[in-house]
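Here's the letter readout for the chains.
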Amino acid sequence: MPSNWVPTQEGDSLNAASLNTPMGGVRDEINALDEPSIKRYSLNSNHLPSQVLAYGHKMLNPGAVHIYTSLLHPYPGWNTLAGWSTVNTAGSVGGGTELEAVLNTSVDLAASGTRGLLVYCNIQLQRIYDSLGVVSAAYYVIVALHVRLTTAAYIHIARTERYSPSDSNGAAQLTMWKDLPIRTLIKSTDLGATTTVDRVKAVVSVADSTGAALNTTNVELRRGNISAIALRGAVLT
Amino acid sequence: MSWRFPILREEAGHICDVNMLNENIRPFNDEISGFLNEHNFAVNAHTSNTNLEHGAVIRIVSVSQAVDPAMGQSNPPPTATPADGFKVPTSGEWETVSITDATYETDDTICHIITSFQVQPSLPGGASEKYGIQFAIAIDGIILNETITGSVDKEIDVAGEGYSDSTFADPMVVEAIEPVAAGQHRFALKARMVPNQAYNQFTNLDYYMILNREMIVLELW
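Sequence order for the protein chains is A and B.
Quick note: the first sequence, position 193, residue 194 per my numbering, numbers continuous.
Quick note: the second sequence, position 211, residue 222 per my numbering, numbers continuous.
What the hints contain is simulated information worked out from the structure, not anything from laboratory work.
Do not take every clue at face value.
Claimed, not checked - According to the in silico footprint, chain B covers these stretches of chain A (three or more CB under 8 Å from chain B):
#1 28 to 39
#2 103 to 116
#3 150 to 162
#4 197 to 210
To be verified - Derived DEER-like restraints, expressed as beta-carbon distance ranges:
#5 Thr-120/B to Leu-73/A: 45 to 55 Å
#6 Thr-98/A to Ser-109/B: 31 to 41 Å
#7 Asp-95/B to Arg-28/A: 54 to 64 Å
Said to hold, decoys possible - Okay, the calculated bits of chain A under chain B, using three or more residues with CB under 8 Å as the criterion:
#8 10 to 20
#9 43 to 57
Remember, predicted model here, so these are calculated numbers, not experimental data.
All C-beta atoms, glycine included, are put in the ideal place defined by N, C-alpha and C.
Given only the sequences and the hints, what does the whole structure look like? Please build it.
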């Protein structure tokens, strides 16, 4: 708050008390500066630490599609960790470059002031068809996000599950070039006892909702990107 | 400004004068009463966040709803709204999608509004195909036109108004960066049903559902 210093009045006696009291008031104010003491817009990035506590980014731009199959990676069911394939340039067989953002430093999402890991992810869906080359609205790709703890265990974020069917409007539209976007703020409440994270990745699975299972369903993905920043801030809700 | 030198210098042997005393104290008092600025703080004066209030730069609103679509191998996506899902009514009016709706006080600042959600038509497979859907972000009930998905003009969208026909279940993201004035504001994701290219009437079986959904508002300084 502004200082409540009162000038010494004409005729007031000058003694230890009349000198020390006003000076003490100024001293106390300097030792407890608060918001109104500072001129608005004064502080900038030269004075303040970054509010981005950690960041990571990964982009896939392969020359060919990567294929995931209902044979190797059938949709494991709602809110299930195991059974997904990491989106990678080798597809269901694995071993390719993964769509996984590795943070430049691990971050404890439960630390004071750390409010979450904001994730932006886009995956390009090219085609969904079965082993006979048939497209059907019953064939689905499902994608989601997994965040890695420093224990190397992953956590499945159920609310990030997104799906899209094959284009059933005919062979002319077989190649869809569809974007599968996901945005989320991963918070400590999404995690368990361990709340320090260091990676976040995109995962994929395939579903044939007819249950016929006569033919393998294939999902072709192409490009993708994932970005994550751990933010310091105040959570209002 | 950064500092003031005493205006009146005391000298040895001078008589102590209250005016001189006051004039020397007053600038310091004025300085700390709202005029401290960037010159008073060293570069990198605050290298640690421990001195900085949590919400000094970013304030975050985050609301979400996880919805099990009960689909997968042998299970088609839902044709009726599952628990915690949101059914977009066929009224044609903009409706606020539940959960992705938050009211709070902001400063005079800029907000990054992010909505991410799963869309599911009631009749996958094109059994009806009589309808489309549009989404938008609204602040205080006012639709941000630039965030409306799809077209509102059939002349420039041969597929009809709206984002798609009833064939597709799609994940979607609608985002905006908007300046807001200080005060209480309501941020929300809105959805509405729109006709297809033939302007067929909706039936009770024609609707969309919003399943997994999340809204994040970053109030940025």
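We went through each hint and held it up to the structure:
1. 28 to 39: holds (count 6)
2. 103 to 116: It holds: at least three residues are needed, and the stretch 103 to 116 of chain A offers 3 whose Cβ sits within less than 8 Å of chain B.
3. 150 to 162: holds (count 4)
4. 197 to 210: holds (count 3)
5. Thr-120/B to Leu-73/A: 45 to 55 Å: Holds, since Thr-120/B and Leu-73/A (Cβ atoms, about 48 Å apart) stay within the stated range.
6. Thr-98/A to Ser-109/B: 31 to 41 Å: holds (39 Å)
7. Asp-95/B to Arg-28/A: 54 to 64 Å: holds (58 Å)
8. 10 to 20: holds (count 5)
9. 43 to 57: holds (count 8)
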